[in-house]
Amino acid sequence: MLRVQNILKTFNKGTVNEKLAIKGITLNLAAGDFVTVIGSNGAGKSTLLNSVAGDFPVDNGEIYIGDRKITGWPQYRRASLVSRVFQDPMRGTASSMTIEENMVMALRRGQSCRLRRAISAKERVYFREELAKLSLGLENRLTNKVSLLSGGQRQALTLLMATIQKPQLLLLDEHTAALDPKTAEKVLDLTCRVAAENNLTTLMITHNLDHALSVGNRTIMMHEGQIILDLREGERENMTINHLLEMFEKASGSHIHNDRMILA
Amino acid sequence: MSWQVFSGTFEQGLMYAIMVLGVYLTFRVLDYADLTVDGSFTLGAAIAARLIFAGQNPWLASGLAFVGGLVAGAFTGLLHTKFKITPLLSGILTMTALYSVNLRIMGRPNIPLLRMRTIFTDFGKLPFMDQYGVLVLSLISVLILGHLLYLFMETEIGVALRATGDNEMMIRSQGVNTDLMKILGLSISNGLVAFSGSYVAQNNQFADASMGIGMIIAGLASVIIGEVLVGTSSVRRTILAVIVGAIVYRVIIALVLQLGLAATDLKLVTAIIVIIALTTPDIKKKIDPRSGTRDKKGVTHA
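Just so you know, the protein sequences line up as chains W and V, in that order. Following the working numbering, the numbering of the first sequence begins with 20 at its first residue and continues without gaps. Following the working numbering, the numbering of the second sequence begins with 3 at its first residue and continues without gaps.
Don't take every hint at face value.
[Unchecked claim] Calculated pairs, PhoX-like style, for lysine-lysine (alpha carbon to alpha carbon, straight line, at most 25 angstroms):
no.: 1; chain 1: W; residue 1: LYS164; chain 2: W; residue 2: LYS205
no.: 2; chain 1: W; residue 1: LYS32; chain 2: V; residue 2: LYS86
no.: 3; chain 1: W; residue 1: LYS164; chain 2: W; residue 2: LYS141
no.: 4; chain 1: W; residue 1: LYS32; chain 2: V; residue 2: LYS84
no.: 5; chain 1: W; residue 1: LYS185; chain 2: W; residue 2: LYS205
no.: 6; chain 1: W; residue 1: LYS185; chain 2: W; residue 2: LYS141
None of these hints come from the bench; they were simulated from the model.
Using the sequences plus the hints, can you model the full thing?
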């Protein structure tokens with residue numbers, strides 16, 4: 020479904036701040052794969068996701084979704100195939116607009132907008148049904164502004180928006196990290212359910228090693244712009260967090276100095 | 003204030019309200035401080051005056067003024083989106099360029115329209131309109147344009163436009179070309195501003211190369227006053243607020259003049275109104291999106 024071939028990305032090329040963020044990554048995801056991505060800060064996890072989403076052009080390599088080569092596509096064009104949820108709940112929704120307006124934008128993802136009434140009565144009913152599935156009581160607040168929602172509610176809404184029109188690929192960039200533990204679990208449960216129901220191909224960055232092993236069907240570990248570990252179903256089931264840490268140290272040849280990974 | 007002064011003020015307020023609708027579209031909806039307004043207001047007046055002076059149909063002239071504004075706004079939008087010039091500078095560049103363009107269009111610094119056929123003289127010939135023609139035509143125009151703007155905001159393009167001003171990254175990831183939205187918003191906004199300029203010129207019976215100076219601040223003052231007085235709970239309400247704000251602003255200006263200040267002091271008064279509004283903390287919460295609920299409830303980056 021997703022094929023990333025030998026991509027390379029350097030930031031601030033030719034300056035003292037030059038940083039080789041991704042050093043030739045190749046990654047293939049089958050349809051329905053749910054891959055968790057771990058790695059210390061600066062490992063290139065977000066850069067990988069952002070390259071796929073099209074935030075910036077890559078320096079080298081190709082990216083395919085299905086059999087479409089999307090390497091040169093601008094971000095807004097990739098939107099028809101890829102949807103994303105960020106760590107910051109503020110980023111995924113327009114706060115001064117209503118819940119239904121936010122949802123209709125997501126429903127029209129990748130289509131060109133037209134000069135016709137944005138929300139129909141039928142869609143309103145559909146939104147209400149979809150929101151009810153979140154069991155957060157949002158189904159009765161369609162015309163409330165999103166700024167009135169809590170971080171967790173906003174993130175749940177963002178997730179719903181990311182999947183309301185089934186994407187070819189779902190990218191999750193630590194989307195539960197800014198939430199309190201209870202809300203984070205709830206949003207993660209929702210993520211798994213939505214991904215399973217729609218058989219979505221998903222790439223999820225997490226700093227929680229427990230989640231990394233329990234969620235999805237495959238785990239990759241990144242370090243200094245490369246994939247240093249790729250665990251498939253069999254290996255993954257026998258893996259423990261401690262063992263994972265050990266493997267990280269062995270593979271990267273350095274100790275983990277990221278509290279968030281150890282404490283999580 | 004005599005009735006005549008009051009009705010004159012009210013008429014002015016309605017005409018300027020068309021301009022304020024445009025300012026609202028960029029300043030509030032797109033979150034873009036667009037200084038093109040000073041130039042495009044005069045542009046509208048210049049186009050209308052030149053055509054009317056040459057004996058053209060005033061309705062056609064007003065329509066072409068709107069089109070001129072569209073082009074001016076699109077130019078600012080192109081400077082900003084395609085050449086990555088900052089919003090403020092893009093607006094200033096177009097505004098400066100327009101000053102010369104406007105003089106070219108008029109052929110001289112001002113054009114008198116005394117006893118010329120204008121949309122107001124045409125409208126005044128309708129039954130019962132001999133006395134209140136200006137008031138009724140301005141009112142109808144504002145209500146129609148305000149309603150059209152509201153309908154537009156509820157369309158798919160309108161929703162995408164609002165989202166571009168609210169959360170550009172989000173709407174871009176939904177597949178909307180935000181550059182196009184900005185150009186479109188700036189274009190419509192300046193179209194409205196120029197249209198308003200054509201009304202004011204026809205009502206005042208002259209166009210002047212400097213009549214747009216300070217227009218953006220007058221627009222901002224009107225938007226802020228309206229938002230504080232009427233509120234912004236929905237799009238419909240905000241548009242109504244903007245129109246009310248434009249009228250109240252003109253009334254305030256008229257009152258200040260009655261108090262004995264010279265007409266030349268008006269820009270100072272306007273600037274002071276805006277400064278007071280922007281610096282008063284509890285009003286500020288209402289008007290500055292960044293100091294409102296967004297940040298307080300916001301989750302900080304980890």
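If any of the earlier hints don't hold here, list their numbers in rising order. Those not satisfied: there are none.
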